[in-house]
Amino acid sequence: EKAALDHWYCIGASTGITATPKRDRLLGHDLTLHRDAGGKVIVTEVAGDGTAFPVRERYDCVWTTLGAPERDVVDIPEGEESDRRKVLCGTVAVNASGLRIIENFLDMAHFPFVHTDILGSEPHTEVLHYTTEIRRDVDEVWATNCQFFQPKAAVSAEGGIMTQYMYRVSTPFVTLL
Numbered sequence: 001e002k003a004a005l006d007h008w009y010c011i012g013a014s015t016g017i018t019a020t021p022k023r024d025r026l027l028g029h030d031l032t033l034h035r036d037a038g039g040k041v042i043v044t045e046v047a048g049d050g051t052a053f054p055v056r057e058r059y060d061c062v063w064t065t066l067g068a069p070e071r072d073v074v075d076i077p078e079g080e081e082s083d084r085r086k087v088l089c090g091t092v093a094v095n096a097s098g099l100r101i102i103e104n105f106l107d108m109a110h111f112p113f114v115h116t117d118i119l120g121s122e123p124h125t126e127v128l129h130y131t132t133e134i135r136r137d138v139d140e141v142w143a144t145n146c147q148f149f150q151p152k153a154a155v156s157a158e159g160g161i162m163t164q165y166m167y168r169v170s171t172p173f174v175t176l177l
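Going by the numbering used here, the sequence shown opens with residue 1, and the numbers climb by one from there.
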């Protein structure tokens, strides 16, 4: 689907891309990533003609697109703060539909049953009302005022608290918490 190709996708941590080529897969396309002699990240399709895809390095990550996006990489103002601590957790391969993964990420109702005693717990299973809106100024869907009981919101937590969430869906396959 061309519409899926015309977006930016994070394909790894900047520090993980070296002069040694590595393979990755994006939307069914096998890619090769490496840095050239000048340190620039090069992304090409394994079965392609060697033409490089566009690349952006932002938020200590490498982003690429297989199409022609109308806008730049998703704006994450906090990611530009010099004193912000970024924790790059790597990737996890999941054999599932990308849209199903996004749906699962946005679904707070599963917290008590799947992430028991971490993100949720019984009998605290109610998803409270929250606000959703289409933000035309940034062309995103936002869910704000999301709250859910977390029995252990931090390692040092002594008890449960109502945790506040804000979700942003910036493209069909890119969401932020």
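Hints may contain errors.
Listed below are the simulated EDC-like cross-link pairs for lysine to aspartate or glutamate, each with C-alpha atoms no more than 20 Å apart in a straight line [as the list claims (entries may be wrong)]: (1) K152 x E133; (2) K22 x D60; (3) K152 x D139; (4) K22 x E57.
For each label pair, taking beta carbons as the anchor points, the in silico distance ranges come out as [as the list claims (entries may be wrong)]: (5) V127 x V46: 19 to 25 Å; (6) A47 x S82: 17 to 23 Å; (7) V138 x T20: 33 to 39 Å; (8) G39 x V114: 38 to 44 Å; (9) T131 x T20: 43 to 49 Å; (10) A109 x D30: 17 to 23 Å; (11) G160 x N95: 30 to 36 Å.
No lab work stands behind these hints, which were simulated from the structure alone.
Even glycine gets a Cβ: it sits at the ideal position worked out from N, Cα and C.
Status of the hints after comparison with the structure:
1. As the CA atoms of K152 and E133 are separated by approximately 29 Å, the hinted pair breaks the 20 Å bound.
2. Restraint check: the Cα-Cα separation between K22 and D60 comes to about 18 Å, which is no more than 20 Å; the hinted pair holds.
3. Using a Cα cut-off of 20 Å, the hinted pair K152 and D139 is violated, with the two alpha carbons roughly 34 Å apart.
4. Only pairs whose Cα atoms come within 20 Å are accepted, and K22 paired with E57 is accepted, the gap being roughly 17 Å.
5. Take V127 and V46: their Cβ atoms lie about 43 Å apart, and the range 19 to 25 Å is violated.
6. With their beta carbons about 40 Å apart, A47 and S82 fall outside the hinted range of 17 to 23 Å.
7. Roughly 37 Å separates the CB atoms of V138 and T20, a value that falls within the hinted 33 to 39 Å.
8. A hinted range of 38 to 44 Å for the beta carbons of G39 and V114 is consistent with their spacing of about 42 Å.
9. Taking the beta carbon of each, T131 and T20 are about 47 Å apart, inside 43 to 49 Å as hinted.
10. Here the CB-CB span from A109 to D30 is close to 36 Å, at odds with the stated 17 to 23 Å.
11. In this structure the supplied range 30 to 36 Å holds for G160 paired with N95, their Cβ-Cβ distance being about 33 Å.
Checked against the numbered hints given earlier, the structure breaks hints 1, 3, 5, 6 and 10 and satisfies all the rest.
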